[in-house]
Amino acid sequence: MPSLLGNIFKGWAHYSKGVEEGGHHDYEHMFAMVIDLDRCTGCNACSTACYAENNLPVVGEDKFGARQAMHWMRVERYFDEPDMDKIAAAEETDTQSRGASFLPMMCQHCNAAPCEPVCPVGATYHTLDGLNAQVYNRCIGSRYCANNCPFRVRYFNFYDTAESWPAPMDQQLNPDLSVRSKGVMEKCTMCIQRTRAARDTAKREGRALIDGDIQTACQQTCPTSAIVFGDLLDETSAVAKIWKRQQVKLGTYKQNKENPDLRGYRIFEELNVDAKVLYLERVREV
Amino acid sequence: MSSTKIDRRNFLKVLGLGGAGAALAGCDMPSYATLEEGEEQVFSYLAPEEYVIPGIGVWYASTCLQCPAGCGVHGRVREGRALKLEGNPNTAVNRGKLCQMGQAALQTHYNPDRIAKPRIGAKEVTWAQALAFIKAKSTGTPAWLTGAISGHQGVLMDAHLNASGGGKHYGVEIVNAQAWRSACADTIGDAQPDLHIDKARSMVSFGADVLGTWISPVKFMADYGEFRAAPRGVLTVIEPAMTLSGANADHWVAARPGSEAAVALGVANALATEYSVSTSALPTGVADAIFTMTPERVRELSGVDTRTLSRIAGTLMSNSPSLVIGDGSYENAVAAMALNLMLGNIGATITPGADLVPADLAMRDGSTKALANFAKNAQSGDIQAAFISGANPVFTAPDGLNMKDALAKIELKVAIAMFEDETTQFCDVVLPLASPLEDWGTHAPPLGAARGEIHVQQPLMEKLHPEALGLGDILLGLAQDAGAAGLDDFEDYYGYLRTAISAMIGTGQEAAWQDVLQAGKVQAPATQRSFTANGSLTINVPESKAPGKGELILITTARQGLYDGRHANLPWLQEAPDQISKAVWDSWAEIHPTTAARLGLKDGDYVTITSADGALTTRIFLYKGVHPDAIAVPMGQGHTHYGRYASSVGVNPLNLLGADTDARTGEVSNTTTVHVQATGDNRYLVRLMDIDRQYGRKLTATISADQQRRNQSNKQGGA
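Those protein sequence lines, which keep their order, are chains B and U. Terminal number for the first sequence in this note's numbering: 731, no gaps in between. Terminal number for the second sequence in this note's numbering: 1849, no gaps in between.
In short, the hints are calculated from the structure, not lab data. Check the hints yourself; a few may be wrong.
Straight-line distance between alpha carbons at most 30 Å, and here's what the computed DSSO-like set of lysine-lysine pairs gives [said to hold, decoys possible]:
1. Lys686(B) <-> Lys1754(U)
2. Lys1828(U) <-> Lys689(B)
3. Lys1265(U) <-> Lys1298(U)
4. Lys689(B) <-> Lys1329(U)
5. Lys508(B) <-> Lys627(B)
6. Lys686(B) <-> Lys1298(U)
7. Lys1298(U) <-> Lys508(B)
Chain U residues, not near chain B, derived (Cβ > 12 Å throughout) [as the list claims (entries may be wrong)]:
8. Asn1241
9. Val1255
10. Ser1294
11. Val1407
12. Thr1422
13. Gln1588
14. Ala1633
15. Gln1653
16. Gln1658
17. Ala1789
18. Val1816
19. Gly1826
20. Ala1831
Bear in mind that the values here come from a model prediction, so they are computed numbers and not experimental data. From the three backbone atoms N, C-alpha and C, an ideal C-beta is built for every residue, glycine too.
All chains, full assembly: derive it from the sequences and hints.
In structure tokens, the structure reads:
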């Protein structure tokens, strides 16, 4: 088969690219996010908007206690500040004097996602939009992916979820995406149904996607506008500008920032999972 | 007919003409015009109305009624069903944003526990029977008990009350800003001034949960987003138990419950003595109070030390303009306004509000004073008939008001409600209310009026329960029945509203009406108020002493989420972890670790909290965000009759409160003295996170503001 070999040799430079060089994908988009923790108030609006948009089931107290809640977007709350330890040690620590630290946490859509290579059936894969996708009807529920996720943002349907929507609550279900059934893994899709709709609209109107065409449900509702979503390949997008300004690059775990004071960081950078959610550090007067 | 060849087309045509076509497909039949010979276009049976495109969602503007803030919303409707709510970007109040309560309005609408039919006692009846019963039974003047109400519903309620002998309206909201409003009215002559958080460089709150539940939380959060952008504003919060605002503060200060005013005056004292800020803008009575509030006295009353007072004063001085707010008690709010006067914030970050024209569209605020008055007047037999809608007095009334006994004294109690709750159990007639997504209305949001904005509410879909009626329709019917003038021409509330809005915008044209519906708001004329100084104001700082041995001060706190308990039947909000404790589906009591150690309690222990008025048993949650003298129990849970999701979940701390009222505002106190006793049981409080610490990992990282200022001066860090 000389033609096949020929193709492989011809495309070798392309196929041999590692994740550091953008991987071997021909990315059409590279959807990514920025979350400003100094603006985030931890109010939970994003999380509830996600329940409404993505048909997330409610599991009740017992299953919540068994860590079976399905909140694709959850807001974690911490009371300590590791980076401020020196200052904290000098202060009296009898009150929570700098408030709480909130962290909206959802799938980070890693470009080198640890969940992807372990799936025995290829139910989780990387799309050409740079999203980490889950094919529900391919998933066999091995849960290897959830086990491998350092962010703990994959949620397994241990039970049938129909009872979450007693009539007429089922009428609220978003018909743009499925209701997942027992035995299937699910997680944040960065509102892929909204992405699809916006792409279709742009195509129909004969134009390219522009920044702002797609708003994820969490970003849309965030009262303080702490969440920015967009395409990193589009240099004019707000999200690309912030990544650039924060001197955080994809494809590396060694961010050589000229200005170490910059607030942008990725969680678990050292794991080299190449997450696509950039957090901006919370700021506090001391 | 016999000569006609029967083919499919003719068969359908005949069926269509005969009106039996619906039986064929079970869907809307295409009109027979489309089936004429030679017409080649084939329409799907699924195509319902011309404005509905299957598979395509259409957004309609309406108004959120989950709390009195009245944010504008856009609702996505597909195939006749409302699927998702988003903020309306055209409103000055919420600017496209929505909180979790607003997001969950869909579950209020689609709730499986909605009331579908009218009932008298336990018996389901028709509307005609229910109305006949009400008419036969109502003697004397009726009273309305509602939540905060505004717009044309308020106008019609007045019309009903006036036409039926001048009854009273009781507007009840447990979570309110009455103390702040009274203080603003007394200090600057404007009960609802406009606040500009986004223009402030520092904000100090004395007991007002500005980001969580105060006046218009989504507007304030949107402003807060701007406040935190460069140059970054500094937030200081002084309160007895941490609220959502406190959790976001740069500097959070725990004050003994009821002592926030003392801290505020202590800060004023520090400003005057350390920074030589003049007190000449203050009424003499208040200025004198400031000079008696020495650091030693503040420490005695609140437990807050001198260094903290100086720090707050320093923050205010070096980050100007500032904004100081206060609530929880009248004194807190007056002391906050005193700081505003000293710092020159009046006219800068606090500007005059405006009065709507016509004035009767304005928001009728809810208060707990009205709740107490209602209970008192019912007890004394002054209320013969009560119409209750949008309020649950049996659940929200502090135990000391004896609301159940009071209701029993009322001859006729009519509940107009979406859900059976603790109050409908005591009502003679229960009428099914349409959900906010099925109803028409206008709403004057508390901070939209300053911009002349009235939000319009329109139905997003057909009624789920055909017999449910909108509040406006019921009010109109009752007012017409009572013989109110000028309402006879209107067949329904829609007709009334359309006429009224047409009069406001000066045209009755269809296009103009459609514009109003599309915008979701009407620009009403409004007259700007102006501030007037009050030279005779005084302030009496309450004696807040440390509780006695074995006692703690109970505070009932409100959270954005379950709010005053009205949202406890929404599973999304039950399962949304509480912002601070991260607990779900239950109640808890917050205690400081040192207090817990003193009482021998550990996390998850059940305790019985006993006050003079009642007792309850719940689990404790330990953290340092509560004053050591206090125990805080959030409101919202503890329903007995509120549908499948809320009933028998958690406890209601309002049951522990007495009937003490504030001398200046008449508001019922939200604190009381309690004893806390361990029951010996311990069970894990189900919550999102078991750990509060990051163990050195960089999950949510914090940098100092100095570092951020360096960034901003480099023009590289601001995002």
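Exercise for the section: Would you list, in rising numerical order, the hints stated earlier that this structure does not obey? Expected result: 1, 6, 7, 8, 18, 19 and 20
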